Structures are given as C-alpha cells and as structure tokens.
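S.K.: Sequence:
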Amino acid sequence: MIGLCLGLAGTVWAQVPTPAFTLAWTHTIEQVRWEEDYRVRPEGLVLGEARVKGSGAGMEIPHGAELREGSWHYQRQLPPLQPLRLGRTPEAGDYQLCFNQRCQSMSTWLGPPQARQPAVELWSCELAPYSAS
Numbered sequence: 846m847i848g849l850c851l852g853l854a855g856t857v858w859a860q861v862p863t864p865a866f867t868l869a870w871t872h873t874i875e876q877v878r879w880e881e882d883y884r885v886r887p888e889g890l891v892l893g894e895a896r897v898k899g900s901g902a903g904m905e906i907p908h909g910a911e912l913r914e915g916s917w918h919y920q921r922q923l924p925p926l927q928p929l930r931l932g933r934t935p936e937a938g939d940y941q942l943c944f945n946q947r948c949q950s951m952s953t954w955l956g957p958p959q960a961r962q963p964a965v966e967l968w969s970c971e972l973a974p975y976s977a978s
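Under my numbering, the first residue of the sequence shown is numbered 846, with each subsequent residue one higher.
Please note that the accuracy of each hint is not assured.
Label pairs and their computed distance ranges (CB to CB) [what the hints assert, rightly or not]: (1) 909 - 962: 17 to 27 Å; (2) 931 - 888: 13 to 23 Å; (3) 860 - 962: 16 to 26 Å; (4) 873 - 919: 13 to 23 Å; (5) 948 - 920: 19 to 29 Å; (6) 963 - 877: 15 to 25 Å; (7) 912 - 972: 36 to 46 Å; (8) 908 - 953: 14 to 24 Å; (9) 931 - 894: 28 to 38 Å; (10) 855 - 959: 17 to 27 Å.
By construction, these hints were calculated from the structure, which means they are not laboratory data.
Computed from a prediction, not measured in an experiment: that's the story for all the values here.
Idealized CB from N, CA, C, for every residue including glycine.
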C-alpha cells in the first residue's frame with residue numbers, strides 16, 4: 846500500500862497511511878492560514894487545489910484565484926513532487942496534516958520543530974506492512 850512518508854534525505858521518520866492529505870500552516874508574519882491538497886501517487890505528491898485566507902507580505906493571491914467562503918481558491922500545475930521539502934523551525938510554528946476529516950500537528954508524528962533539524966521532507970512511499978506482536 847502506498848502512503849505518505851515523513852523524514853529527510855530518504856530516511857523515514859514516520860509513515861502515514863493515507864491516499865490524500867491537506868498540508869496547512871499559518872503564515873508567520875501575516876497570521877493567515879494556507880492549505881494545499883495533495884494526492885499520494887507512486888510518482889510523487891500531486892498538488893490539487895490550494896486555498897489562502899488573505900494576502901500580505903510575500904503572499905500575493907495567484908492569478909485566476911476565486912474568492913469562495915472567505916478563502917481564495919486556486920490551482921497550480923506542477924509535476925509530482927518527490928520529495929516536498931518544508932522548512933520547520935520552532936519560530937515558525939508547525940504544519941498540520943489533515944486527512945480523514947481531521948487535522949493534526951506534524952508534531953504528532955515527529956515531535957516538536959527543533960532548530961537543529963530545520964527541515965522535513967514528505968514523499969510517497971510503499972508502507973511497511975503492519976505486524977501484530
């Protein structure tokens with residue numbers, strides 16, 4: 846079964862058994878929420894729709910975005926991302942992974958962001974089989 850791996854430089858720190866997820870975060874300066882929907886495919890993470898609640902410093906609303914229910918909705922055409930590299934530091938707060946209609950801090954799987962490990966990568970991977978002891 847394919848799922849989502851979290852780690853760095855090909856080293857798996859955690860696995861999440863989901864075929865799709867939303868990556869969400871709050872912009873550190875403007876305090877505006879961003880969300881990006883991804884599908885987990887063998888060739889990588891495929892970005893679908895993205896949403897942002899507003900604009901500000903370094904966060905212009907993309908051309909063609911539509912305002913619906915208080916958020917700007919848009920799509921970008923990108924090749925599958927394998928891996929998706931994210932900066933993750935204590936100063937910036939943490940990302941949320943949302944799937945199965947529930948959001949959880951990335952800390953749930955990785956522990957809190959730490960200055961000595963300022964990045965994380967997400968990629969599609971074959972999940973290790975579950976074994977009951």
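S.K.: Does each hint fit the structure? Answer for all of them.
M.R.: Okay, the hints, checked on the actual structure:
Here the CB-CB span from residue 909 to residue 962 is close to 36 Å, at odds with the stated 17 to 27 Å. Distance hint check: the CB atoms of residue 931 and residue 888 are about 19 Å apart, consistent with the given range 13 to 23 Å. Distance hint check for residue 860 and residue 962: the Cβ-Cβ separation is about 18 Å, which falls inside the suggested range of 16 to 26 Å. Distance hint check for residue 873 and residue 919: the Cβ-Cβ separation is about 21 Å, which falls inside the suggested range of 13 to 23 Å.
For residue 948 and residue 920, the hinted distance range of 19 to 29 Å is satisfied, since their beta carbons lie about 21 Å from each other. With their beta carbons about 22 Å apart, residue 963 and residue 877 fall inside the hinted range of 15 to 25 Å. At about 38 Å, the CB distance of residue 912 to residue 972 agrees with the hint of 36 to 46 Å. Taken as a hint, the range 14 to 24 Å is violated for the pair residue 908 and residue 953, whose Cβ atoms sit roughly 35 Å apart.
Against the hinted window of 28 to 38 Å, the Cβ-Cβ separation of residue 931 and residue 894 comes to about 19 Å, which falls outside the hint. Checked against the hint of 17 to 27 Å, the pair residue 855 and residue 959 passes, with Cβ atoms roughly 20 Å apart.
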